[in-house]
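Trainee: Residues per chain are reported as follows:
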Amino acid sequence: MSELGFLFAGYAVVWVALGGYIIAVGRRQSTLRREIARLEREFRTGE
Amino acid sequence: MTTVSPGSTAQPDATAAVADGGAGGGVTTAAAAPLPEPGRTLWLDILGVVAILSVLVALYGAIIWAPTEAVMGHVQRIFYFHMPSAWVALGPAFTIVFICSIVYLVKKDLRYDRIAGASAELGVLFTTITLLTGPLWAKPIWGAYWTWDPRLTTTLVLWFIYVAYLMLRSSITEGHSRARLSAVFGIVGWIDVPIVFMSIRWWRTIHPTLVTGEGMNLDSSMEAVLMLSLAAITLLYVYLLIVRVRQLDMGSRLDRLRQLSHLR
Amino acid sequence: MGFLSQAWVIARKDIIGELRTRETVLSMLLFGFLVILIFNFGIEPGLREENLVKPGVLWAAFTFAGILGLNRSFIAEKENDCLQGLLLCPVDRSVIYLGKFFGNSIFTLSMGLVVFLFFSVLYNVDLLQVALPLGLILVLATIGFAAVGTLFSAVSVGLKSRDVILSILLFPVMVPVVLAAAKSSGRILDGDPLSSAGLWLALLVVYDVIFLTVAIMLFDYAVEE
Numbered sequence: 014m015s016e017l018g019f020l021f022a023g024y025a026v027v028w029v030a031l032g033g034y035i036i037a038v039g040r041r042q043s044t045l046r047r048e049i050a051r052l053e054r055e056f057r058t059g060e
Numbered sequence: 003m004t005t006v007s008p009g010s011t012a013q014p015d016a017t018a019a020v021a022d023g024g025a026g027g028g029v030t031t032a033a034a035a036p037l038p039e040p041g042r043t044l045w046l047d048i049l050g051v052v053a054i055l056s057v058l059v060a061l062y063g064a065i066i067w068a069p070t071e072a073v074m075g076h077v078q079r080i081f082y083f084h085m086p087s088a089w090v091a092l093g094p095a096f097t098i099v100f101i102c103s104i105v106y107l108v109k110k111d112l113r114y115d116r117i118a119g120a121s122a123e124l125g126v127l128f129t130t131i132t133l134l135t136g137p138l139w140a141k142p143i144w145g146a147y148w149t150w151d152p153r154l155t156t157t158l159v160l161w162f163i164y165v166a167y168l169m170l171r172s173s174i175t176e177g178h179s180r181a182r183l184s185a186v187f188g189i190v191g192w193i194d195v196p197i198v199f200m201s202i203r204w205w206r207t208i209h210p211t212l213v214t215g216e217g218m219n220l221d222s223s224m225e226a227v228l229m230l231s232l233a234a235i236t237l238l239y240v241y242l243l244i245v246r247v248r249q250l251d252m253g254s255r256l257d258r259l260r261q262l263s264h265l266r
Numbered sequence: 034m035g036f037l038s039q040a041w042v043i044a045r046k047d048i049i050g051e052l053r054t055r056e057t058v059l060s061m062l063l064f065g066f067l068v069i070l071i072f073n074f075g076i077e078p079g080l081r082e083e084n085l086v087k088p089g090v091l092w093a094a095f096t097f098a099g100i101l102g103l104n105r106s107f108i109a110e111k112e113n114d115c116l117q118g119l120l121l122c123p124v125d126r127s128v129i130y131l132g133k134f135f136g137n138s139i140f141t142l143s144m145g146l147v148v149f150l151f152f153s154v155l156y157n158v159d160l161l162q163v164a165l166p167l168g169l170i171l172v173l174a175t176i177g178f179a180a181v182g183t184l185f186s187a188v189s190v191g192l193k194s195r196d197v198i199l200s201i202l203l204f205p206v207m208v209p210v211v212l213a214a215a216k217s218s219g220r221i222l223d224g225d226p227l228s229s230a231g232l233w234l235a236l237l238v239v240y241d242v243i244f245l246t247v248a249i250m251l252f253d254y255a256v257e258e
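Residue numbers (my numbering), protein chains in the order written: chain D, 14 to 60; chain B, 3 to 266; chain C, 34 to 258.
Hints may be right or wrong, so weigh each one.
To be verified - Derived pair list, reagent style BS3-like, types lysine-lysine, alpha-carbon separation capped at 30 Å:
| no. | chain 1 | residue 1 | chain 2 | residue 2 |
| --- | --- | --- | --- | --- |
| 1 | C | Lys216 | B | Lys141 |
| 2 | B | Lys109 | C | Lys111 |
| 3 | B | Lys109 | C | Lys193 |
For the record, the hints were derived by calculation from the structure and aren't laboratory data.
Please work from the sequences and hints to get the whole structure.
Mentor: Written out as structure tokens, the structure reads:
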């Protein structure tokens, strides 16, 4: 691998790792959001 | 309404029943105004924008603005993100795990446990980045991906300790016992780190230190870029930590709410 | 009753139970032998660097076999609800910790002694010449191993996958002990005097003192119900 190849790989690792974490957090956030919406409905219909 | 002790009821089939009931009531909710997104505040959004912008500026500085290092060439540019990741993980991230573990054991407030858990996650993330970028930088310069240098080896052991911490957390479901047991390990693990470093340094004294950061001559513009990316990565860590802790807070409140909802 | 004699009562309970079944120490021993045997196939006989590899084999066997004993340390208590009874004893929690620590140390030490014997026969080590210094290293390493191991054993006993979790928790934290023990016993096996390993022995002592103290302080939280 060329010198620039290693540089590219290094930066790719940084962005893939950070991006992967942020996507995972975002996913969990939307799960929570759905859950909240569902509970809201649940409370309203229950009344 | 009956009072319940927390943690006593959480059957998966019960939540499924809630979902069915919710689908039937969709008509009434359609008219209601959407509530603001929970857990979102202006200052946190601003912090996030600042963190991401400063990472982008640091990226520009590292790739384009900083001069090419005379001996190592372009590969040295990995350093601008390698070193700050190592700093964030070994410095604030794991220290916060240690401090919040102690505070939890004293105060028994689960909030501190959530901070410790989130910080350990981010610490492992940044240690992973450090461990992966290091070899990619070392290979073209020293001809080997890995050397058993004290710093590298300590970082690897550290990675194992905090991955173990996360595995311990994920294998316990009840909130307070998870907090208690992982706090015990979080404290022992952090105290172990300097001893690991000393032992590995003595072990490797015979070896000439192949991999030392001091070997580089950073001119002033390189130093400026390094400082910038240190600040940027630290900001990013702080932002992600707050987001993740608030998310965990929300999750635990939801758990409580869910219990109340199917008890009515 | 004094602090230490109270702890000794708990240790004696474990030792008497062990003498009756001999389950733990025997399985530790067998496992230690097997580790040496397996590692042996990885070493080319007559290799010039053999002396550099041997201490590593010895301490790998010690660590792997030792963890078997730790795995069982709290299981019997948990299964028969003895832990509850033990915790209800009108004694300080640190006494219970010390009692379990003594018991685990004695099991690990006996395993270590026999594994050393097995090792010295297989690799033609003149045990008489190195018995004392190696014994000292074994004692110091055992204290560190059992100090942290007893605490982590209590941490992991209530978990479903406790065996795996205990290994994953313990091994990285044990790195300084294994390193110091392997390096110092390497010096001894090379025929150097004990003083040449002074730095490593000091490291072991520091590790033992720090983690024994930390574990006594934290044990209460590890078993709290």
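Trainee: Which earlier hints turn out false for this structure, listed by number in ascending order?
Mentor: none
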